[in-house]
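Each protein sequence line maps, in turn, to chains A and B. Each residue of the first sequence is one higher than the one before, starting from 1 at the first, in the working numbering. Each residue of the second sequence is one higher than the one before, starting from 1001 at the first, in the working numbering.
No lab work stands behind these hints: they were computed from the structure. Glycine residues also receive a C-beta, built at the ideal position from the N, C-alpha and C atoms.
Covered by chain A, per the in silico footprint, the following chain B stretches (three or more residues, Cβ under 8 angstroms): (1) 1013-1025; (2) 1051-1063; (3) 1131-1142.
Here are the in silico distance ranges between beta carbons for each label pair: (4) B:D1084 <-> A:V270: 52 to 58 angstroms; (5) A:A148 <-> B:E1007: 41 to 47 angstroms; (6) B:G1041 <-> A:M45: 16 to 22 angstroms.
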Amino acid sequence: MKPAPFDYVAPRTVAEACSILTDAGGGATVIAGGQTLMPLLNLRMSQPFVLVDINAIAGFRDVTRVDGGTRVGPGIRQADALKNATLSRHVPALVRALGHVGHHQTRNRGTVGGSVALGEPAAEMPATAVALGASIEIASTRGTRTLAARDFYIGPYMTALEPDELVTGIFYPDWGDGHRVVFGEVAQRPGDFALTGVVGALALDGAIITRAGLAWFAMGPTPLAMQQAEAAIAGKALEDVDATALADLAMAGTAPFDDHHASAEYRRTVGRRLFVRTLNGALKQEHAA
Amino acid sequence: MSAHTLEMTINGRRHAATVEARTSLSDYLRMQAGYTGVQVGCEHGVCGACTVIVDGQAVRSCLMLAVQAGGSTVTTAEGLAAPDGTLHPVQQAMRDNHALQCGFCTPSVVCTLAALTEGDERPGEDDLIAAMSGHICRCTGYQGIRKAASALAGGAK
Chain A
1 MKPAPFDYVA
11 PRTVAEACSI
21 LTDAGGGATV
31 IAGGQTLMPL
41 LNLRMSQPFV
51 LVDINAIAGF
61 RDVTRVDGGT
71 RVGPGIRQAD
81 ALKNATLSRH
91 VPALVRALGH
101 VGHHQTRNRG
111 TVGGSVALGE
121 PAAEMPATAV
131 ALGASIEIAS
141 TRGTRTLAAR
151 DFYIGPYMTA
161 LEPDELVTGI
171 FYPDWGDGHR
181 VVFGEVAQRP
191 GDFALTGVVG
201 ALALDGAIIT
211 RAGLAWFAMG
221 PTPLAMQQAE
231 AAIAGKALED
241 VDATALADLA
251 MAGTAPFDDH
261 HASAEYRRTV
271 GRRLFVRTLN
281 GALKQEHAA
Chain B
1001 MSAHTLEMTI
1011 NGRRHAATVE
1021 ARTSLSDYLR
1031 MQAGYTGVQV
1041 GCEHGVCGAC
1051 TVIVDGQAVR
1061 SCLMLAVQAG
1071 GSTVTTAEGL
1081 AAPDGTLHPV
1091 QQAMRDNHAL
1101 QCGFCTPSVV
1111 CTLAALTEGD
1121 ERPGEDDLIA
1131 AMSGHICRCT
1141 GYQGIRKAAS
1151 ALAGGAK
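Required output: the full structure, derived from the provided sequences and hints.
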């Protein structure tokens, strides 16, 4: 239960971090809050040669309003993001989801960017990024690129991030004043990974839903966008959406897994009911932005 | 494997040490600095027994490297009572409400409650009880801990 030996470096700039990652030739791992990575290190499921600590990089905890949305520095602590006024105002679905990420003690260290970058399929942050149409800013010595969260996740803890690349920010597009937040999760205890979960947002023009962003977590090898349900909801009046009738579309593409906490069948049954209950709650204005 | 020299203030005393990069804060506190009130249970962030206060915030010391705590101020359960032995209000509340039995989780529980009640924001009863989700206790059934948390929310500071 002790990590295998590694070197530790704490670069102060993105350029410095990227050159360390390049020089390590795939043998380096980035640590932010460490609340997901440290267990993997302690269990020796991850054995990097070099651990690159990004906590000292200037500006990595900033939340800024940019054209069309909000940019979140990857190193912001989950506890700080929970209390951030800009995020509460403009990205309330993220704040709602953050309340379910781990425990008070892990949120004090854990970061938004770390959770997004690692891609645990049952975690709230990756699914929230997918649902809200977030994009992920990536840097390496080869340059920078931006990838939609919907193209970022490949499998459990597998993402499109190359070994020499670093997540430098997450952009959450605006959903507009008064948009509805969709969030529901079933877990065995507060702070546990979800057995099934739904997250998203509904953009409104009066009583008409102009756009819907919805995603599952813990319902497959990656967070899953509910593309068919999103398309079916868009353009409808709030009162015309029948959540029960949409459940089949929402379930399309899900591939829940069996583990010792719950069977795939349990996740399908409970997930379907959670979807209906959560969407109905959002339609009835239980959580408006 | 890199070695790092670091300084940190633990329970009001300055400590200097050289640690391996992979040394967790919990192992450093227990085995090098000698604060064995820090308990190590699961070593992967589930049980909460290793919780200490780093720069005012309750964190899992098994999920933080010692090198990451360089320059920080750390408080463990040993650092809560006054030098004359007067219990910290959290410790007194735990005692008054029979909130411990075997004591293994207790140092971590008092650290979480102390960090919250000594912070700038006065936590409500719900906040204190919600923060207890980060601790596993196999003896008390949590009701004593819950009562202690409720009593602290009432203003015992």
